[in-house]
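2 protein chains.
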Amino acid sequence: MKESEESKKYSRRDMLKMSLLTGAGVAVSASGIGGAVAAMGGLGSKKATAEPHEDDDAISFYGKHQAGIITPQQTYLYVASFTLLTDDKKAVISLFKKWTEMAAAMSAGSVNETYGNDWLPPSDTGEAVDLSAARLTMTFGFGPTFFEKNGKDRFGIASKKPKHLQDIPPMPRDDLQEPFVGGDVCIQVCADDQQVAFHAIRNFIKSSVGKAELKWMQSGFISGKDGMTPRNLFGFKDGTANAASTNTRAHDQIIWANQGEPDWMQGGSYMACRKIKMFLEVWDRSSLKDQEDTFGRKKDSGAPYGKAKEHDKVNLSQLPKTSHTAIAKGSGQQIYRRAYSYTDGVDTKTGYVDAGLMFIAYQKNPTQQFLPMLLMLSKQDKLNEYTKHIGSAMFACPKGIKKGSYIGKELLEA
Amino acid sequence: MKESEESKKYSRRDMLKMSLLTGAGVAVSASGIGGAVAAMGGLGSKKATAEPHEDDDAISFYGKHQAGIITPQQTYLYVASFTLLTDDKKAVISLFKKWTEMAAAMSAGSVNETYGNDWLPPSDTGEAVDLSAARLTMTFGFGPTFFEKNGKDRFGIASKKPKHLQDIPPMPRDDLQEPFVGGDVCIQVCADDQQVAFHAIRNFIKSSVGKAELKWMQSGFISGKDGMTPRNLFGFKDGTANAASTNTRAHDQIIWANQGEPDWMQGGSYMACRKIKMFLEVWDRSSLKDQEDTFGRKKDSGAPYGKAKEHDKVNLSQLPKTSHTAIAKGSGQQIYRRAYSYTDGVDTKTGYVDAGLMFIAYQKNPTQQFLPMLLMLSKQDKLNEYTKHIGSAMFACPKGIKKGSYIGKELLEA
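As they're listed, the protein sequences go chains A and B.
Position 58 (the first sequence) corresponds to 58 in my numbering; numbering is contiguous.
Position 396 (the second sequence) corresponds to 396 in my numbering; numbering is contiguous.
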């Protein structure tokens, strides 16, 4: 969020200092976030008299669409899926209100921490107190089991289930490993600083005690400078086919759900997650030709076969038939990729590095866009020789949240 | 490594382009690294006519001491321990020569990749080709089993074992979990970009096939801006007691091994590793007072009890007796910390976040410095209520490597 040149920038640290001096809570009232932060309660929290502004690397949590979807991709990811432990709608509303307030405050780079009472646990875990907002975004989604679980409409919202929300059907080569499947609620946290991202996910977990528990969580990273397409761990550019982050028309065509969906979902999007293990050692022993034939693109430039540049138009007749690009493109569908690489230490079974891609893609209609593409890829993609899908989930991410509202309000309040 | 203002900076990408245009290998002859890179062989690699300079965020691999010890701490870590699969000294020499050449080239931000032959595997894995050096450092160390394993002096170097190299003895509360213990050879890789760090460790692994295998590997992160002490996942500053990175006298007193050690170790240092699991959920439920009593420092400022600022002198009589700072300080010993936080997803046993600290410390004499301190901490540290040590290793890191030499040369050549 851009501030005028003259306005002073306040970091989490400045705000914390201010609160220590005044004995008051953190507030960012210029942007309307102060109310939310004050509402978080905590230790003697009340509105400060000073009116600090947000960090200049802050991205607003509020808006027409949720942040973290068309936001230019940050370098770090934590994505976590939760199981709700309660059938009590009020408890869920209370949790989602709290998460909303926290998300709004953290996205502005503030912390709700005054260290005011020695005898209570600090309300914030504290590891991000010196750090800026680092373009932190938090994107919320609901899984099929949020609407109906074991045949039970726990929260009386089954009739509001969006049209295309379903678990990703079993694919021919799936090797899914519990607990890395599905979940009631998902939070995708992204930032340009891993500690800022972890701080956010940790505080969401901390505040959910008794109401929700963590089912699975994955961290990830990318690196790319000057707007270049980042490379995955196979050394190839990943995300070349994405619409530009400013191409509003393409976003409407590809990403944002609209008519035919319940109101809360119009302007939202479906998030598809696949944890894809990559056999790096096998890949590294394959020839350059084999690697390029696998993607249908040149490794160095990212150009499709027969072309010179990364973004040159793909000509299907020039690509190896089973190449990843040929099959994905051949499906005639578009999705919006937002994938991150991961490393999970050593695979104790094989002694190899346990690594891969936490694939995340957004689309307005997975039934038409993502699922047919995934099925074709699962059957024919030459990349399957080097990968295994070990995690899977689909979530419906509601439209953007307005100030004063909270995540899922239209769903949970009749 | 600073270049003069006028000299053009070349990225990995520039160098790769150049090599594609000229059909020649990557070379950085101005700094003498060209020879090493050219010596790596690979695909039609030979010295380019142009003379590009190194990235301005490059740290030389060569020097009096190994880089990555007193180097101001980068934000990302991969530390990996290897088991040597061979008893053949020549094979080990060949591996260490290769690793040296790779480390020198990668630290300069270059890649040994020309994509010259379609029918061979690329010599570099490629995911860092667009990226800068990102202050990449690679620090090598030898474990006790490198000198003698199961009573066998495999490489005829047992007599050159440094004075204080031994496995860290069992500590009262240890809960070590194989394979996260020891190892023959260790590489600590640090960079300001996780993808650059992973690229390095991966290419070391790739080049070791048949000669060494990965035993354990851990990634980690810190965040701290403007030279502030980074905070650990308990929200406290970690590393306050470290000597300043410019305090040469302190480094000689604390870090660098000297007289009484074999020649190859003089100017080297002992690296102690402890993987310390932190029970974040338990910690987050404890009061601010309890947290501060545990460290003997204020959470916000990092100041020791009774003082106002982080770097104010600790007065032992003002600290809780079992606080971490009181016991560490009370040992009368100093070490040089270089720890990183880690997160390993969800602990499937407890459902909690699996996270903690990859503790790394350097010292000239672990028998006198680190081990007594660790023993006292293991017995009395109040922090033990919230942590568990699950990994352990000690390595002897040789002095710095000269251009033209290689890691461990003085050890392996009589």
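Do not take every clue at face value.
Identical copies look the same in the list; a pair holds intra-copy or inter-copy alike.
Taking lysine-lysine pairs in the DSBU-like style, the calculated list, with each CA pair at most 30 Å apart, reads [what the hints assert, rightly or not]:
#1 K160 / K289
#2 K402 / K298
#3 K298 / K403
#4 K206 / K163
#5 K409 / K388
#6 K211 / K307
#7 K289 / K206
#8 K349 / K388
#9 K349 / K225
#10 K409 / K349
#11 K89 / K289
#12 K313 / K89
#13 K321 / K161
#14 K225 / K90
These are computed hints drawn from the structure, not numbers from a lab.
Tested hints:
1. Neither within a single protomer nor between protomers do K160 and K289 lie at most 30 Å apart by alpha-carbon distance, with minima of 50 Å and 47 Å respectively.
2. Taking CA atoms no more than 30 Å apart as the test, K402 paired with K298 passes in neither setting, with 44 Å inside one copy and 38 Å between copies.
3. When the C-alpha separation of K298 and K403 is checked against a cutoff of 30 Å, the pair qualifies neither within a copy, at 46 Å, nor between copies, at 35 Å.
4. Proximity of K206 and K163 under a CA criterion of 30 Å is satisfied in neither setting, with 32 Å inside one chain copy and 47 Å between copies.
5. In this assembly of identical chains, the alpha carbons of K409 and K388 never lie at most 30 Å apart, being 38 Å within a copy and 42 Å across copies at closest.
6. For a Cα distance limit of 30 Å, the shortest separation of K211 from K307 qualifies neither inside one copy, at 54 Å, nor across copies, at 41 Å.
7. With identical chains, the CA atoms of K289 and K206 are at most 30 Å apart between copies only, with a shortest distance of 19 Å across copies and 49 Å within one.
8. In this assembly of identical chains, the alpha carbons of K349 and K388 lie at most 30 Å apart whether taken from the same copy (15 Å) or from different copies (25 Å).
9. Within a single copy, K349 and K225 get their C-alpha atoms no closer than 36 Å, and across copies no closer than 39 Å, so neither meets the 30 Å cut-off.
10. Taking CA atoms no more than 30 Å apart as the test, K409 paired with K349 passes in neither setting, with 46 Å inside one copy and 34 Å between copies.
11. Proximity of K89 to K289 under the C-alpha cut-off of 30 Å is found in neither arrangement, the shortest distances being 56 Å within a copy and 36 Å between copies.
12. Taking CA atoms no more than 30 Å apart as the test, K313 paired with K89 passes in neither setting, with 50 Å inside one copy and 53 Å between copies.
13. For a Cα distance limit of 30 Å, the shortest separation of K321 from K161 qualifies neither inside one copy, at 38 Å, nor across copies, at 58 Å.
14. Taking the closest pair of Cα atoms, K225 and K90 never come within 30 Å of each other, the shortest separation being 45 Å inside a single copy and 41 Å across copies.
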